[in-house]
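10 protein chains.
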Amino acid sequence: MLFCAHMTVSLPHDLDEHHREELLAEELNYFTALHRSGKWVHLWRIAGRRGNISVFDVESTEELHELLWHLPLFPFLIIEVTPLVEHPSLAAVSP
Amino acid sequence: MLFCAHMTVSLPHDLDEHHREELLAEELNYFTALHRSGKWVHLWRIAGRRGNISVFDVESTEELHELLWHLPLFPFLIIEVTPLVEHPSLAAVSP
Amino acid sequence: MLFCAHMTVSLPHDLDEHHREELLAEELNYFTALHRSGKWVHLWRIAGRRGNISVFDVESTEELHELLWHLPLFPFLIIEVTPLVEHPSLAAVSP
Amino acid sequence: MLFCAHMTVSLPHDLDEHHREELLAEELNYFTALHRSGKWVHLWRIAGRRGNISVFDVESTEELHELLWHLPLFPFLIIEVTPLVEHPSLAAVSP
Amino acid sequence: MLFCAHMTVSLPHDLDEHHREELLAEELNYFTALHRSGKWVHLWRIAGRRGNISVFDVESTEELHELLWHLPLFPFLIIEVTPLVEHPSLAAVSP
Amino acid sequence: MLFCAHMTVSLPHDLDEHHREELLAEELNYFTALHRSGKWVHLWRIAGRRGNISVFDVESTEELHELLWHLPLFPFLIIEVTPLVEHPSLAAVSP
Amino acid sequence: MLFCAHMTVSLPHDLDEHHREELLAEELNYFTALHRSGKWVHLWRIAGRRGNISVFDVESTEELHELLWHLPLFPFLIIEVTPLVEHPSLAAVSP
Amino acid sequence: MLFCAHMTVSLPHDLDEHHREELLAEELNYFTALHRSGKWVHLWRIAGRRGNISVFDVESTEELHELLWHLPLFPFLIIEVTPLVEHPSLAAVSP
Amino acid sequence: MLFCAHMTVSLPHDLDEHHREELLAEELNYFTALHRSGKWVHLWRIAGRRGNISVFDVESTEELHELLWHLPLFPFLIIEVTPLVEHPSLAAVSP
Amino acid sequence: MLFCAHMTVSLPHDLDEHHREELLAEELNYFTALHRSGKWVHLWRIAGRRGNISVFDVESTEELHELLWHLPLFPFLIIEVTPLVEHPSLAAVSP
Numbered sequence: 002m003l004f005c006a007h008m009t010v011s012l013p014h015d016l017d018e019h020h021r022e023e024l025l026a027e028e029l030n031y032f033t034a035l036h037r038s039g040k041w042v043h044l045w046r047i048a049g050r051r052g053n054i055s056v057f058d059v060e061s062t063e064e065l066h067e068l069l070w071h072l073p074l075f076p077f078l079i080i081e082v083t084p085l086v087e088h089p090s091l092a093a094v095s096p
Numbered sequence: 002m003l004f005c006a007h008m009t010v011s012l013p014h015d016l017d018e019h020h021r022e023e024l025l026a027e028e029l030n031y032f033t034a035l036h037r038s039g040k041w042v043h044l045w046r047i048a049g050r051r052g053n054i055s056v057f058d059v060e061s062t063e064e065l066h067e068l069l070w071h072l073p074l075f076p077f078l079i080i081e082v083t084p085l086v087e088h089p090s091l092a093a094v095s096p
Numbered sequence: 002m003l004f005c006a007h008m009t010v011s012l013p014h015d016l017d018e019h020h021r022e023e024l025l026a027e028e029l030n031y032f033t034a035l036h037r038s039g040k041w042v043h044l045w046r047i048a049g050r051r052g053n054i055s056v057f058d059v060e061s062t063e064e065l066h067e068l069l070w071h072l073p074l075f076p077f078l079i080i081e082v083t084p085l086v087e088h089p090s091l092a093a094v095s096p
Numbered sequence: 002m003l004f005c006a007h008m009t010v011s012l013p014h015d016l017d018e019h020h021r022e023e024l025l026a027e028e029l030n031y032f033t034a035l036h037r038s039g040k041w042v043h044l045w046r047i048a049g050r051r052g053n054i055s056v057f058d059v060e061s062t063e064e065l066h067e068l069l070w071h072l073p074l075f076p077f078l079i080i081e082v083t084p085l086v087e088h089p090s091l092a093a094v095s096p
Numbered sequence: 002m003l004f005c006a007h008m009t010v011s012l013p014h015d016l017d018e019h020h021r022e023e024l025l026a027e028e029l030n031y032f033t034a035l036h037r038s039g040k041w042v043h044l045w046r047i048a049g050r051r052g053n054i055s056v057f058d059v060e061s062t063e064e065l066h067e068l069l070w071h072l073p074l075f076p077f078l079i080i081e082v083t084p085l086v087e088h089p090s091l092a093a094v095s096p
Numbered sequence: 002m003l004f005c006a007h008m009t010v011s012l013p014h015d016l017d018e019h020h021r022e023e024l025l026a027e028e029l030n031y032f033t034a035l036h037r038s039g040k041w042v043h044l045w046r047i048a049g050r051r052g053n054i055s056v057f058d059v060e061s062t063e064e065l066h067e068l069l070w071h072l073p074l075f076p077f078l079i080i081e082v083t084p085l086v087e088h089p090s091l092a093a094v095s096p
Numbered sequence: 002m003l004f005c006a007h008m009t010v011s012l013p014h015d016l017d018e019h020h021r022e023e024l025l026a027e028e029l030n031y032f033t034a035l036h037r038s039g040k041w042v043h044l045w046r047i048a049g050r051r052g053n054i055s056v057f058d059v060e061s062t063e064e065l066h067e068l069l070w071h072l073p074l075f076p077f078l079i080i081e082v083t084p085l086v087e088h089p090s091l092a093a094v095s096p
Numbered sequence: 002m003l004f005c006a007h008m009t010v011s012l013p014h015d016l017d018e019h020h021r022e023e024l025l026a027e028e029l030n031y032f033t034a035l036h037r038s039g040k041w042v043h044l045w046r047i048a049g050r051r052g053n054i055s056v057f058d059v060e061s062t063e064e065l066h067e068l069l070w071h072l073p074l075f076p077f078l079i080i081e082v083t084p085l086v087e088h089p090s091l092a093a094v095s096p
Numbered sequence: 002m003l004f005c006a007h008m009t010v011s012l013p014h015d016l017d018e019h020h021r022e023e024l025l026a027e028e029l030n031y032f033t034a035l036h037r038s039g040k041w042v043h044l045w046r047i048a049g050r051r052g053n054i055s056v057f058d059v060e061s062t063e064e065l066h067e068l069l070w071h072l073p074l075f076p077f078l079i080i081e082v083t084p085l086v087e088h089p090s091l092a093a094v095s096p
Numbered sequence: 002m003l004f005c006a007h008m009t010v011s012l013p014h015d016l017d018e019h020h021r022e023e024l025l026a027e028e029l030n031y032f033t034a035l036h037r038s039g040k041w042v043h044l045w046r047i048a049g050r051r052g053n054i055s056v057f058d059v060e061s062t063e064e065l066h067e068l069l070w071h072l073p074l075f076p077f078l079i080i081e082v083t084p085l086v087e088h089p090s091l092a093a094v095s096p
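Residue numbers (this note's numbering), protein chains in the order written: chain A, 2 to 96; chain B, 2 to 96; chain C, 2 to 96; chain D, 2 to 96; chain E, 2 to 96; chain F, 2 to 96; chain G, 2 to 96; chain H, 2 to 96; chain I, 2 to 96; chain J, 2 to 96.
Keep in mind that a hint or two might mislead.
To be verified - To give an idea of the interface, some chain F residues facing chain I are shown, with a C-beta separation under 7 Å as derived from the structure:
{"hint": "1", "residue": "V59"}
{"hint": "2", "residue": "S61"}
{"hint": "3", "residue": "L69"}
{"hint": "4", "residue": "H71"}
{"hint": "5", "residue": "I80"}
{"hint": "6", "residue": "L91"}
Don't read these hints as lab results, they were simulated from the structure.
Using N, Cα and C, we set each Cβ at its ideal position, and we do this for glycine too.
Just chain A, same shape as in the assembly (with noise of 0.2 Å):
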């Protein structure tokens, strides 16, 4: 089940700078964690924006909901999710 996820950063100025390379190797050892296991299954940077598109395949909005809700960098996201469904073009395409 596909669910795209719109995600814009926020870090404050201020933020230690320690922590925030802590935070941000969290969050690539956390995707790549859940690329592989073909959880988060595309990923693409915004041009000029800290922000990406995402789309996750996942069994269940619940299985979702915890994978974003544990994201490292979650207090510092907003996130839109819209629920996506195959596309009876794309059905009328494959063989």
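Position chains B, C, D, E, F, G, H, I and J relative to chain A; hints supplied.
Just chains B, C, D, E, F, G, H, I and J now, kept in the frame of chain A:
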């Protein structure tokens, strides 16, 4: 080069039924050709809406514009284009 | 799996009265079947508006989309879907 | 009498950890009492957000306001209240 | 129980003149009855606009909705309802 | 001459508790005097919000501005002013 | 007493050309009379738009509303009214 | 003197095809003359939209308004004008 | 050449009282000089707000920008500029 | 390939004066290099604002993102990117 396009479709209520069927059939053909050529990479229906989130992989903004401008439904679409780039986390994951 | 749908109805002023009555009757039948099957769990009218707040309990986003797409009033609706999950406070309360 | 409340929580990043834990514990107690009394009928977490959609069943707008105003997290909440009424389709379905 | 209703009127330009006069006359009768019964407490025209700010004193949200839904101009109105309660400062002033 | 003022209060989280109490006490005194003089005609709390809808009856926009500008909470208020006039339906009802 | 009015004109594309000319001629006459009487003090075209920024000097909100309501183009206008007062800096400058 | 104009074109769906072709041809002629005279300096199509971002170099706001007002497509345009000035960084770069 | 500037002032709550007084005194001097020179033609306080609507008469957008950029309160202002031209109705009225 | 970037600068009021000067000097150097290389084609200050409208000519969205991401002021910027293409009217004009 990747671009996300968020499309909202507004078909007039009084559109002739035959014309409408034709438009939708042309739209499907148009998508099919572009999808097979690898230009229209992703197409997801937004749940509960006549609209979609698409990702295009094109050579240039000119090519993107040409593809969108000639969509059979173009006069009935509101399209928001977001340029995308590879996210560094994804780059770090790849072998 | 729960989804909130906020629906706004915009019936054209010049809609044929008979057609309008038919649509509303079909809408009622449609709702009745889904409510009895336990899919359309909640339906509240928003005071002072032709619109509603609904909660659906479905197996997937695909099922949700199918339900909404086939609403007899669909061409006249603006629908915003919000995925919901059980709130931890509610989980803590339950025995 | 039913009211929908859409709540967004904005906890300051520099909130003292202990104070924060206390607030969340008080919030849980507060919810528990109101839920058991039948006032706070529904509470759903919005997937991917620190926020919720709630439905209250109260005697009056005064009672609603008192309940919301004394939420332990009230100073950190943005609340939008929507008055609800029974939908005629639901009334038609009930025996 | 008090509710503020902010109403914006959008009469179509091509509305039949006779129908329009009828609607406005019905609207006046409707208001008159509700005002005399003490339900429609306040009604102010917004300067420079075809619209108003109203305050209703009703027994319930159901009664409020019935009153608004049956406004002769209802199909041409956009109504935003805000539930009100007595302000503590006013309570402190009263003897 | 009537004006509606929609006020939203944003007290900073770290406002000194004593200062805060003083401000709220001054605000009450300020309101009391204006209400008794017939200038601040209506004051309603918006349910679930620290904010209000007020109606002022003043001689001029200058008087209105002076009243609002000297509100003890003025630096923490966002105020939207709407000029009102007697609604013709109300005029028609009065004997 | 001064009020700023920001007006946007939306003439329907299919407005009868003769009717349109009449309306614009009436609008000019209307403005001329009010400008000569000192009521409609300022009128500026917004560059690149069919719209204007106006300043009215009237005795009351009632007078303002009457002036605006009877504008020949009123059914095609969206008007936003802002009450103005003399700025203290200007008062300080005047001898 | 430079102005940026962001233009959105909304051609009605039922515009007569011949009239539409004429309008677009006149628009091209209009642009050509202004571009050659150095008034309409830049014109870019916004990718995926019927609209453009333009830069005009004119003697005055009056000249700008005249140019825009007489655009053949003016009744179908929404234009937002932004006054521009030379950026100090660019001035520093120039020899 | 005329420009309307809509200014909103956001002075931080914790601004040093002395610095604040200085800023406001400088702002007054700045306005006084520009008003006497005929550049800052109109200045109105918006009733109930710390903000103003101003009209400037300048030689160019460069001059306008210089005037606004050097406002003592500039770092605390949000300014929206609207280019104005003489309205044809006003031109028709003048002898 | 052309992109328009609309940038708004929000420097914190309490930014260290020395750090601020350094940032602005680095920004100037950064712009100078990119302008000379033909990447940052246009840069205009928006009159009355700390912000700009820029046009970039780059090989790809990746290059655009790299340029923007490394702007010395990047943490203080809100950037909106609009992909541009050559307008057919301009193409028609060119010999």
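Going through the hints against the structure:
no.	hint	result
1	V59	10 Å, violated
2	S61	10 Å, violated
3	L69	4 Å, holds
4	H71	11 Å, violated
5	I80	4 Å, holds
6	L91	24 Å, violated
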